[in-house]
Amino acid sequence: MRLRRIKAIAVKESLQIVRDPRSLMIALLIPLMQMFMLGYGVSLDIKHIPLCAYDREGSQESQALLKRFASSQYFSVERVVRDYAELTRAIDDGTCRLAVVVPEGFTKGLNDAGAGTVQVLLDGTDSNTANLAANYARAVVSGYSGDVQLEAVQRKGGTIQTLTPVDVQARVWFNEDLVSRNFIVPGIVALVMAIVGAQLTSLTIAREWERGTMELLVSTPIGPMELMLGKLAPYFIIGMVDAAFCLALAVFWFEVPFRGTLATLLFTTMLFLTVVLCIGYYVSVSIRSQVGASQIALILTMLPTTLLSGFAFPIDQMPPVVQGVTYLVSGRYYVTILKAIFLKGAVLTELALPVLCLSAYAAVMVLLAARAFRKTLD
Amino acid sequence: MISAQMSVKEPTGTDAYVGAQIVVDSLTKRFGDFTALDGVSFEVGRGEVMGFLGPNGAGKSTLIRILCGLLRPSAGRALVAGIDVARDPDAVRRRIGYMSQKFSLYNDLSVIANLRFFGGVYGVPRAMLEQRLRFAIGMAGLAGREDALVATLAGGWKQRLALGAAILHRPAVVFLDEPTSGVDPGSRRRFWDLIHALGADGVSVLVSTHYMDEAEYCNRIALINRGRLIALGTPQELKRGSLDGELLALERDEGVAAAGALLAQAAGVRDVAVFGSGLHVVVDDATRRGPELVAWLASQGVSGTRARRIEASMEDSFVHLVGAASKPEGGAR
Numbered sequence: 004m005r006l007r008r009i010k011a012i013a014v015k016e017s018l019q020i021v022r023d024p025r026s027l028m029i030a031l032l033i034p035l036m037q038m039f040m041l042g043y044g045v046s047l048d049i050k051h052i053p054l055c056a057y058d059r060e061g062s063q064e065s066q067a068l069l070k071r072f073a074s075s076q077y078f079s080v081e082r083v084v085r086d087y088a089e090l091t092r093a094i095d096d097g098t099c100r101l102a103v104v105v106p107e108g109f110t111k112g113l114n115d116a117g118a119g120t121v122q123v124l125l126d127g128t129d130s131n132t133a134n135l136a137a138n139y140a141r142a143v144v145s146g147y148s149g150d151v152q153l154e155a156v157q158r159k160g161g162t163i164q165t166l167t168p169v170d171v172q173a174r175v176w177f178n179e180d181l182v183s184r185n186f187i188v189p190g191i192v193a194l195v196m197a198i199v200g201a202q203l204t205s206l207t208i209a210r211e212w213e214r215g216t217m218e219l220l221v222s223t224p225i226g227p228m229e230l231m232l233g234k235l236a237p238y239f240i241i242g243m244v245d246a247a248f249c250l251a252l253a254v255f256w257f258e259v260p261f262r263g264t265l266a267t268l269l270f271t272t273m274l275f276l277t278v279v280l281c282i283g284y285y286v287s288v289s290i291r292s293q294v295g296a297s298q299i300a301l302i303l304t305m306l307p308t309t310l311l312s313g314f315a316f317p318i319d320q321m322p323p324v325v326q327g328v329t330y331l332v333s334g335r336y337y338v339t340i341l342k343a344i345f346l347k348g349a350v351l352t353e354l355a356l357p358v359l360c361l362s363a364y365a366a367v368m369v370l371l372a373a374r375a376f377r378k379t380l381d
Numbered sequence: 556m557i558s559a560q561m562s563v564k565e566p567t568g569t570d571a572y573v574g575a576q577i578v579v580d581s582l583t584k585r586f587g588d589f590t591a592l593d594g595v596s597f598e599v600g601r602g603e604v605m606g607f608l609g610p611n612g613a614g615k616s617t618l619i620r621i622l623c624g625l626l627r628p629s630a631g632r633a634l635v636a637g638i639d640v641a642r643d644p645d646a647v648r649r650r651i652g653y654m655s656q657k658f659s660l661y662n663d664l665s666v667i668a669n670l671r672f673f674g675g676v677y678g679v680p681r682a683m684l685e686q687r688l689r690f691a692i693g694m695a696g697l698a699g700r701e702d703a704l705v706a707t708l709a710g711g712w713k714q715r716l717a718l719g720a721a722i723l724h725r726p727a728v729v730f731l732d733e734p735t736s737g738v739d740p741g742s743r744r745r746f747w748d749l750i751h752a753l754g755a756d757g758v759s760v761l762v763s764t765h766y767m768d769e770a771e772y773c774n775r776i777a778l779i780n781r782g783r784l785i786a787l788g789t790p791q792e793l794k795r796g797s798l799d800g801e802l803l804a805l806e807r808d809e810g811v812a813a814a815g816a817l818l819a820q821a822a823g824v825r826d827v828a829v830f831g832s833g834l835h836v837v838v839d840d841a842t843r844r845g846p847e848l849v850a851w852l853a854s855q856g857v858s859g860t861r862a863r864r865i866e867a868s869m870e871d872s873f874v875h876l877v878g879a880a881s882k883p884e885g886g887a888r
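Residue numbers (our numbering), protein chains in the order written: chain A, 4 to 381; chain B, 556 to 888.
Treat the hints with caution; some may be incorrect.
Claimed, not checked - Lysine to aspartate or glutamate pairs mimicking DMTMM-like chemistry, simulated, CA-CA at most 25 Å apart:
id: 1; chain 1: A; residue 1: Lys-378; chain 2: B; residue 2: Glu-870
id: 2; chain 1: A; residue 1: Lys-378; chain 2: B; residue 2: Asp-588
id: 3; chain 1: A; residue 1: Lys-378; chain 2: B; residue 2: Asp-663
id: 4; chain 1: B; residue 1: Lys-657; chain 2: B; residue 2: Asp-808
id: 5; chain 1: A; residue 1: Lys-111; chain 2: A; residue 2: Glu-154
id: 6; chain 1: A; residue 1: Lys-159; chain 2: A; residue 2: Glu-213
id: 7; chain 1: A; residue 1: Lys-378; chain 2: B; residue 2: Asp-580
id: 8; chain 1: A; residue 1: Lys-70; chain 2: A; residue 2: Glu-89
id: 9; chain 1: A; residue 1: Lys-10; chain 2: B; residue 2: Asp-645
id: 10; chain 1: B; residue 1: Lys-657; chain 2: A; residue 2: Glu-218
id: 11; chain 1: A; residue 1: Lys-10; chain 2: B; residue 2: Glu-685
id: 12; chain 1: A; residue 1: Lys-10; chain 2: B; residue 2: Glu-701
id: 13; chain 1: A; residue 1: Lys-111; chain 2: A; residue 2: Asp-58
id: 14; chain 1: A; residue 1: Lys-378; chain 2: A; residue 2: Glu-16
id: 15; chain 1: B; residue 1: Lys-657; chain 2: A; residue 2: Asp-150
id: 16; chain 1: A; residue 1: Lys-70; chain 2: A; residue 2: Asp-58
id: 17; chain 1: A; residue 1: Lys-111; chain 2: A; residue 2: Asp-150
id: 18; chain 1: A; residue 1: Lys-378; chain 2: B; residue 2: Asp-748
id: 19; chain 1: B; residue 1: Lys-657; chain 2: B; residue 2: Asp-768
id: 20; chain 1: A; residue 1: Lys-10; chain 2: B; residue 2: Asp-702
id: 21; chain 1: B; residue 1: Lys-657; chain 2: A; residue 2: Asp-23
id: 22; chain 1: A; residue 1: Lys-70; chain 2: A; residue 2: Glu-16
id: 23; chain 1: B; residue 1: Lys-657; chain 2: B; residue 2: Asp-748
Claimed, not checked - Pulled from the structure, derived: some chain A residues nowhere near chain B, Cβ distances all over 10 Å:
id: 24; residue: Leu-18
id: 25; residue: Leu-31
id: 26; residue: Leu-35
id: 27; residue: Leu-135
id: 28; residue: Arg-158
id: 29; residue: Thr-223
id: 30; residue: Met-243
id: 31; residue: Thr-264
id: 32; residue: Pro-322
id: 33; residue: Leu-371
Hints listed in this document are in silico derivations from the structure and should not be mistaken for laboratory results. Quantities reported herein were computed from a predicted structural model and do not represent experimental measurements. Cβ coordinates follow ideal geometry from the N, Cα and C atoms, glycine included.
Please put together the full structure from these sequences, using the hints given.
This is the structure in structure tokens:
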């Protein structure tokens, strides 16, 4: 193996990349677009659920409760209705996802028994949103009841200590919502890198075959490993730039807390990038057509990383057989590592197992990719 | 000037081997049921320009690809610069230059970027590199256009640049697979001057072509048809030895179609082939049979023919040899 030959290939490949600024722009912009699309698309953050209010009592207290719904960022009051027929229409035609009905005698119940009841009607066609909406509604109501209780206690000359921690309960829920995004965005970084990394290299050998330059290349003394290292080097740099973009977006745009060290992040990201670049290269060597190689590389990286890496769908809830399959998905290790670095601030020693697995994966892929290239035409 | 520059030799192991630079022994290549090469044997000496002549699909490219280590032989043996191509293809690759049939430099790179790339891949010593790059650029006639994109070059320049890239590392053997197809005649002549300069410098050149006139520029010619070597020798030997007799050119203003059918039965005629608008007739004695045939044709109702004795061209022997080789085994019916 000679450095000189690797360098010649790397320089040539870089010149070709620079000569084709459109592809370079795509290589750098696509990951940003994917980050935004997936970052917002997969978010569990549901806000401004359209609400229909039906106040049957019309008292000061009932209006105060409904005002709480209106001022909550999770709801927006789309309709105020005066009978059940109108309410049903609002739910039926999809204008509102839920309806809050304050019954007559709500204030009386509050004052006499210390317990008022409100009715919440939910559109169950989207059960996930309905569930969340019900939880948000419960939080709003308990927030209100806490204040009412506090007021009653104070009126009787009591102290703060008797306050029931309803507010605290509500904050837990909000926090949980925040965590779900923090939990998902690092996984999206892994997904975007897997897709883009394999795409970058999937064209590189296929292009030489299609343009007829491969025959000459095969007749030179260049070795398979030299060719691979030279070809991957420029894409490795582009891939690291892409990774930096994605990770910066995660931290500064999506505001995912970053508690780990940059060195750990850099090292593990390089490992993962090596794996996905090699997958793309392997496909490129095997398929010999640019369109075909790009398609196969996309399927090989996007599907397993989306479904089996655990970035959105928890692995421990999968059937045992599928759980076994996830060990073959390189994204699984990187997602685990990223989440741990971001949220727990884990260092390399704490990540020994997934890092070792990812390293082994990278080593196997490098060997496979290098060996896939045969220096003959038949 | 070119050969003077090329005689600057570097002391590499390449030059150590002094025997035949290419030795092909009963080489056979099969693709499934199809036999592309069938027991081909020949040798090419140091500094020899060997031409490979044959119709499309005869097996020329297959043979060159085997010798470059791109294809593995099914049977037989091939040595290039003394090295078995099947056993150590990488050692062979370090000692050869190759121009494939399809132009295969990088169109999206500049002239100099292409040359630097191949200089690096072939491992041209750094001390030699600049001089070799200048030489290749001068040879291609591209001085001053080093930064031009290869895509913008005309065919002749591309071809010479490809040859320049193939010999950057001073290979002992150069394989050129139909290098001049699709290039204008002027560029073809310049290209052949370069090939001869290489030969004069001790480089063995194996070049395939389907242009008959180019074949005459070679030191020796191997005629190949349907995977078999059907003749081997200098252009003169092939032209002389292939014809079983002497050659008459027969012309007639009204056309020779009628004469062609008759001639096969005439006395002393051994072979008849259509050649342009006339006929080439192989006879036992041209001086005697010329007037005889004209008179005989007139008696048969085909008057106005003219016959003159000519020297056989490469095309005559090619047509004759391919015709003879295509006849069923055993020859005579």
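Quick rundown of the hints versus the structure:
For the hint linking Lys-378/A to Glu-870/B, the alpha-carbon distance of about 38 Å lies beyond 25 Å, and the restraint is violated. Between the alpha carbons of Lys-378/A and Asp-588/B the distance comes to roughly 24 Å, so the proposed pair stays at or under 25 Å and holds. Between Lys-378/A and Asp-663/B the CA atoms are separated by roughly 24 Å; this keeps the pair inside 25 Å, and the hint holds. Using a Cα cut-off of 25 Å, the hinted pair Lys-657/B and Asp-808/B is violated, with the two alpha carbons roughly 43 Å apart.
Of the supplied pair hints, the one linking Lys-111/A and Glu-154/A holds, its CA atoms being roughly 16 Å apart against a limit of 25 Å. Of the supplied pair hints, the one linking Lys-159/A and Glu-213/A is violated, its CA atoms being roughly 87 Å apart against a limit of 25 Å. Between Lys-378/A and Asp-580/B the alpha-carbon distance is near 23 Å, which keeps this suggested pair within the 25 Å criterion. Only pairs whose Cα atoms come within 25 Å are accepted, and Lys-70/A paired with Glu-89/A is accepted, the gap being roughly 20 Å.
Restraint check for Lys-10/A and Asp-645/B: satisfied, since their Cα atoms lie roughly 19 Å apart, inside the 25 Å limit. Restraint check for Lys-657/B and Glu-218/A: satisfied, since their Cα atoms lie roughly 9 Å apart, inside the 25 Å limit. Taken as a hint, the Lys-10/A and Glu-685/B pair is honoured in the structure, with Cα atoms around 17 Å apart against an allowance of 25 Å. Pair hint Lys-10/A plus Glu-701/B holds up; C-alpha atoms about 21 Å apart against a cutoff of 25 Å.
Proposed proximity of Lys-111/A and Asp-58/A is supported: the alpha carbons are some 15 Å apart, at most 25 Å. A hinted pair counts as satisfied when its Cα atoms are at most 25 Å apart, and Lys-378/A with Glu-16/A qualifies at roughly 19 Å. For a cut-off of 25 Å, the pair hint linking Lys-657/B to Asp-150/A is broken: about 84 Å separates their Cα positions. Taking the CA atoms of Lys-70/A and Asp-58/A, the gap is near 11 Å; set against the 25 Å cutoff, the hint holds.
A distance of roughly 17 Å separates the Cα atoms of Lys-111/A and Asp-150/A; the hinted pair therefore holds under the 25 Å criterion. Taking the CA atoms of Lys-378/A and Asp-748/B, the gap is near 32 Å; set against the 25 Å cutoff, the hint is violated. The suggested pairing of Lys-657/B with Asp-768/B holds, with an alpha-carbon distance near 22 Å, which does not exceed 25 Å. Under the criterion of a C-alpha separation no larger than 25 Å, the hint pairing Lys-10/A with Asp-702/B is consistent with the structure, at around 20 Å.
Between the alpha carbons of Lys-657/B and Asp-23/A the distance comes to roughly 23 Å, so the proposed pair stays at or under 25 Å and holds. Only pairs whose Cα atoms come within 25 Å are accepted, and Lys-70/A paired with Glu-16/A is rejected, the gap being roughly 63 Å. At most 25 Å may separate the alpha-carbon atoms for a hinted pair to count; Lys-657/B and Asp-748/B meet this at roughly 21 Å. The Cβ of Leu-18/A sits about 6 Å from the closest Cβ of chain B, inside the 10 Å cut-off, so the non-interface label is violated.
Every beta carbon of chain B lies more than 10 Å from that of Leu-31/A, the smallest distance being close to 19 Å; the non-interface claim holds. At roughly 26 Å from the closest C-beta of chain B, the C-beta of Leu-35/A stays outside 10 Å, upholding its exclusion from the interface. Consistency note on Leu-135/A: stated as away from chain B, and its beta-carbon is indeed over 10 Å from all of that chain's, at 53 Å minimum. Chain B leaves Arg-158/A outside its interface by the beta-carbon criterion, the shortest separation being 83 Å against a cut-off of 10 Å.
Interface exclusion of Thr-223/A from chain B breaks down, the closest Cβ pair being 5 Å apart, not more than 10 Å. At roughly 24 Å, the least C-beta separation between Met-243/A and chain B is larger than 10 Å, which holds for a residue marked as non-interface. Listed as outside the interface, Thr-264/A is consistent with that label: its C-beta sits roughly 38 Å from the nearest C-beta of chain B, beyond the 10 Å cut-off. In this structure Pro-322/A is separated from chain B by more than 10 Å, as the shortest Cβ-Cβ distance comes to about 46 Å.
For Leu-371/A, the shortest C-beta to C-beta distance to chain B comes to about 21 Å, beyond the 10 Å cut-off, and the non-interface label holds.
Hints 1, 4, 6, 15, 18, 22, 24 and 29 from the list above are not met by this structure, while the remaining hints are.
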